[in-house]
Amino acid sequence: MLLALELIGVVAFAASGALAAVQARLDLFGVAVLAVTTGLGGGILRDVLLGVHPPTTLRTWPFLAVCVVTALVTFYFHPQIARLRKPVLVADAFGLGVFATSGTVIALDLNAPVYTACLIGMTTGIGGGAARDLLLREIPVVLRKEIYALAALLGAVVVGLGYLLKLPMGPVAILGSVVVITVRLLALWRKWNAPVPRDPS
Amino acid sequence: MLLALELIGVVAFAASGALAAVQARLDLFGVAVLAVTTGLGGGILRDVLLGVHPPTTLRTWPFLAVCVVTALVTFYFHPQIARLRKPVLVADAFGLGVFATSGTVIALDLNAPVYTACLIGMTTGIGGGAARDLLLREIPVVLRKEIYALAALLGAVVVGLGYLLKLPMGPVAILGSVVVITVRLLALWRKWNAPVPRDPS
Amino acid sequence: MLLALELIGVVAFAASGALAAVQARLDLFGVAVLAVTTGLGGGILRDVLLGVHPPTTLRTWPFLAVCVVTALVTFYFHPQIARLRKPVLVADAFGLGVFATSGTVIALDLNAPVYTACLIGMTTGIGGGAARDLLLREIPVVLRKEIYALAALLGAVVVGLGYLLKLPMGPVAILGSVVVITVRLLALWRKWNAPVPRDPS
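Protein chains in written order, with this note's numbering: chain A, 1 to 201; chain B, 202 to 402; chain C, 403 to 603.
Quick caveat, the hints were computed from the structure, so don't treat them as lab data.
Hints may be right or wrong, so weigh each one.
[What the hints assert, rightly or not] Pairwise CB distance ranges (calculated):
1. VAL68/A <-> PHE278/B: 22 to 32 Å
2. PHE479/C <-> LEU186/A: 50 to 60 Å
3. VAL69/A <-> LEU365/B: 53 to 63 Å
[As the list claims (entries may be wrong)] Listed next, the stretches of chain A that the computed footprint assigns to chain B, with coverage defined by at least 3 CB atoms under 8 Å from CB atoms of chain B:
4. 8 to 21
5. 108 to 116
No residue lacks a Cβ here, since even glycine has one placed at the ideal position from N, Cα and C.
Next comes chain A alone, as it looks inside the complex (with noise of 0.2 Å):
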């Protein structure tokens, strides 16, 4: 089950590296290794936190061929290069709640606390857009305007909380990534703000 839901969220994450590769204009190249990387970013940054060696994503061999293959799809299936703005960022909300809550499920299998889990959860989701952006030197996602890392860490929470209430993990983590998603979704298509600073006057 977690593996299912894992390989999910690494296409999404696959795609929306993908996509926004394609849209930087990079070659076949550049945007299979975007994918590796925003794929798999998430999940490497989340064992090494949590002290799993070597990163279970280089271990066995579904997880790069899942990206390998998104990046080949993308490329050969998406001819427009405009207009790919959105796709990322839709690809990237379902990356995101997937790899927050089965990041928070991993933590606490490995017997974190409940509040170091929903962080290092949290991060999961975070670290393969930010790979993503940064690589392209865009500004990362997490920093635009829209709530991000709060949906994020809302996932997490609904995974701790399900935990602590002992009950079943996986539709727990489904709950969690639809939150996430949801959330993520209407704040993007609502333009849900936070205050800006106040300007000088």
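Given chain A's structure and the hints, the job is docking chains B and C onto it.
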């Protein structure tokens, strides 16, 4: 003692991150994310290098709480966006000093050799500011003209020498922090510069 | 043998970092910081992924010393700022080759599976240059048009195959490095490009 010193460093770095975020006109969430990243970044990097899993600052709540409170206070009490460059650098100097020395002490506590402990201390000091500047896509402070990494190394070496001379670590750490902060602020104030490459002629 | 190979890689990457820093008109400290980061970055990343704490390159002084000496020599013997782009890329190619193969050998020594060792080797090769470019806010070399990550992977696979065939690791590592450097330099020289996204029409 070490905990108090480290909380001071976290506040200083969180303030520098929050001020830089306000200057970059990020919204409240962006300010909080940058305060947390800058405040906790160096310590997380240190723990990853030392193999402390999960990182200390993700295990107890005061560190995160202090960052969020600093972000809120900075956001609401700093209405003027202009002229925040100097406060960012001053707060950064305090964080640099405290983290470089406390990082060295912690590495020594974990039985790292003195040489390694000094390098890890320096890296701890540099880490938070580098993360802040990378996320904001600014020239990393560690590459700017005035003495930075060298100041951090100096503080780490003070602690290393104190350790070799079996002096009490508390006062030594404070002395090291004061040395870093003094050198760094003097370098900023007096514009101490290193030589630059000769122009082609 | 492996140590000698790795010191060559450190010198190559340190030189590429120092040259890039001179080109960016950083001062002597900035040149040193960038030489150290580029020279040691890949190895530190490798050790973090493999769980070697603290990282090898922070434990013995020759690695750091070699970076600092390389920075000084580069700084004082490279007065012309112009036309440093090519030397940066050539030095980078040597670092890429040596680190990709030595990283794979080290991962195999630590009992990583062959598949994992190849990926960690590739990451080790890519890490130093990526850190250099991120700090300088340049387009990361790994995303630029000519074959880069694939060349590193090729060298890692040569080592992996040599290991499976139980060949002596020393010559295999040298062969792998030569393969990477040759492929990378040919790609730069002949401008081997991968396909780019089709323009919208």
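ask   = Can you name, in rising order, the numbers of the hints this structure does not satisfy?
value = Hints 1, 4 not satisfied by this model.
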